[in-house]
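Between the sequences and the hints, there should be enough to build the whole structure, so can you do that?
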Amino acid sequence: MAESNFVLSPDFTAPVGKIKPMHAVNNAPMFWTYCDNFHYLTEAGIPYARLHDTGGILGGGVYVDVANIFPCFNADPEDPENYEFGFTDHLLRELSAAKVQPFYRLGCTIENYHPSIGPRRSIPPKDPHKWAVICEHIIRHYNEGWADGYHMGITYWEIWNEPDNEPVIEENPMWRGTMEEFFTLYEVTANHLKSRFPHLKIGGYASCGFYEILNTAAASQANVSTRTGYFIEFFEKFLAHITSDGHRSPLDFLSWHSYSGPEENIRYAIYAREMLDKYGFTETESILNEWNPGTHRRGTLSDASAIGSMMVAMQNSSVDLLMYYGAMLESSYNGLFNPITQKPFKAYFALVAFNRLYQLGTQYVLNGTAEGGKLGAGVYGLAAGNEDGKKAILAVNAQCLLGQADTITLTVPEGTWQVSLLDETHDLSVVTTAEGGESLTLPADGLLLLESILS
1 MAESNFVLSP DFTAPVGKIK PMHAVNNAPM FWTYCDNFHY LTEAGIPYAR
51 LHDTGGILGG GVYVDVANIF PCFNADPEDP ENYEFGFTDH LLRELSAAKV
101 QPFYRLGCTI ENYHPSIGPR RSIPPKDPHK WAVICEHIIR HYNEGWADGY
151 HMGITYWEIW NEPDNEPVIE ENPMWRGTME EFFTLYEVTA NHLKSRFPHL
201 KIGGYASCGF YEILNTAAAS QANVSTRTGY FIEFFEKFLA HITSDGHRSP
251 LDFLSWHSYS GPEENIRYAI YAREMLDKYG FTETESILNE WNPGTHRRGT
301 LSDASAIGSM MVAMQNSSVD LLMYYGAMLE SSYNGLFNPI TQKPFKAYFA
351 LVAFNRLYQL GTQYVLNGTA EGGKLGAGVY GLAAGNEDGK KAILAVNAQC
401 LLGQADTITL TVPEGTWQVS LLDETHDLSV VTTAEGGESL TLPADGLLLL
451 ESILS
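With the first letter of the sequence shown counted as 1, position 412 gets the number 412 in our numbering; the numbers rise by one all the way through.
For the record, the hints were derived by calculation from the structure and aren't laboratory data.
Just so you know, these numbers come straight off a predicted model, no measurement behind them.
Where a beta carbon is used, it is the ideal one built from N, C-alpha and C, also for glycine.
Check before you lean on any hint, since a few could be wrong.
Said to hold, decoys possible - The list that follows gives simulated cross-link-like pairs (lysine to any residue, SDA-like), each with its CA atoms no further than 20 angstroms apart:
#	residue 1	residue 2
1	Lys194	Glu144
2	Lys126	Glu78
3	Lys374	Asn355
4	Lys374	Gly261
5	Lys126	Ile169
6	Lys201	Ile242
7	Lys278	Ala240
8	Lys18	Asp320
9	Lys20	Gly261
Claimed, not checked - DEER-style ranges, computed between Cβ atoms:
#	residue 1	residue 2	range
10	Lys390	Glu283	51 to 61 angstroms
11	Thr432	Gln404	23 to 33 angstroms
12	His39	Gln418	17 to 27 angstroms
13	His39	His151	55 to 65 angstroms
14	Ala377	Cys72	23 to 33 angstroms
15	His247	Arg140	24 to 34 angstroms
If you want it as structure tokens, here you go:
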């Protein structure tokens, strides 16, 4: 790259805003019912764990999914005896003990493995209102103590996941119904739940994403034929439906997915925000709650830098919450923990590093722009501080995203700093202290965390 030296120039008199929860995850490092590894979530300060595809194929047949908790749809939803909360109770108790807030997906686990044989849980509920009442009682169990339940204060309740997964109904592993049938389910459920729990955040629908906006200028037109075009068609018709007379529905948050890099995701976030504002959802949160920079990097340092760059970049976007997919041991999409040893991969420590800034609370200008984030090609940075004068800077050398692997140098700002390094031989361990004006080496795919030492 043309420039290999970066002078870190934070302005701790210029606050940008709060550090957002960009280090949330999907699920947790659970093995069957064993949750002995949840301490890693606590140690990384993971704020949320989204509960989708929980427990593996078909949700383990026991966790989270509405059909797992209420297995006989013809039963009476008012009778606690018709609910099977046991396994999900166990999981949520363990998450609560680990100080992780569940982000609860109301719906079903993806049915990737048998679309030609026949769906089991992805068929639209035959009575949307009854389904909404069942969801109401699940919420009451976990938040209001119903049916020997709990008072967990779970805030986010997400209606379904990726109903737009395929335009051909028979090929859709998430929603074996029409687009219009999903709009009806969302409308009925969101209105019912919001009427019962006005203080909670009710939303969805976990869109497959907005890739098509980078492929063609015509992507926003209806009836596009590509699969990614269908994602756009579905989204825009969804917004039109829930803002139309007779169908108005709450949308406290829009959740969406992307498996692209940070630069693309920033553009998708802009599109999502613009569309929400266009339809009057100016206060609706934009939540990217499934993302992964690439399973081919799993277990490598480059995965750590790709993840670190994403958190920094999206901190400086219109996204309100970011949730990595995922932290579950049994999935190939788990980039945080070795599924054999169950010990952390390098990528886990990128979340630990981001949490150090998250705990400080306030973002400050870095290198002259309020947006911050990108210091140069493939190099990202973020500055944070608190009212007590504690300061931190995170620098990420993610040139792997550009197909490069150069070492860079960073000039330290004024002050005395404790320096922690994530590289091939260090797991975010303290390597030195540095004074203002000194130069530090940041190897390819590495992360540096500078934390101020107060006099």
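Cross-check of the supplied hints:
At roughly 15 angstroms between alpha-carbon atoms, lysine 194 and glutamate 144 fall within 20 angstroms of each other, so this suggested pair holds. Distance hint between lysine 126 and glutamate 78 is fulfilled; the C-alpha atoms sit about 18 angstroms from each other, no more than 20 angstroms. Simply put, lysine 374 and asparagine 355 have alpha-carbon atoms about 19 angstroms apart, close enough for the 20 angstroms limit, and the pair holds. Using a Cα cut-off of 20 angstroms, the hinted pair lysine 374 and glycine 261 holds, with the two alpha carbons roughly 13 angstroms apart.
As the CA atoms of lysine 126 and isoleucine 169 are separated by approximately 16 angstroms, the hinted pair is consistent with the 20 angstroms bound. A distance of roughly 16 angstroms separates the Cα atoms of lysine 201 and isoleucine 242; the hinted pair therefore holds under the 20 angstroms criterion. For the hint linking lysine 278 to alanine 240, the alpha-carbon distance of about 10 angstroms falls within 20 angstroms, and the restraint holds. Restraint check for lysine 18 and aspartate 320: satisfied, since their Cα atoms lie roughly 10 angstroms apart, inside the 20 angstroms limit.
The straight-line distance between the Cα atoms of lysine 20 and glycine 261 is roughly 19 angstroms, inside the 20 angstroms bound, and the hint therefore holds. Range check, lysine 390 to glutamate 283: about 32 angstroms between beta-carbon atoms, so the 51 to 61 angstroms window is missed. The hint said 23 to 33 angstroms for the Cβ distance between threonine 432 and glutamine 404, and at roughly 26 angstroms that hint holds. A hinted range of 17 to 27 angstroms for the beta carbons of histidine 39 and glutamine 418 is consistent with their spacing of about 24 angstroms.
Take histidine 39 and histidine 151: their Cβ atoms lie about 24 angstroms apart, and the range 55 to 65 angstroms is violated. Between alanine 377 and cysteine 72 the CB atoms are about 57 angstroms apart, so this pair departs from the stated range of 23 to 33 angstroms. At roughly 26 angstroms, the beta carbons of histidine 247 and arginine 140 sit within the given window of 24 to 34 angstroms.
The structure does not agree with the numbered hints 10, 13, 14 stated previously, though it agrees with the rest.
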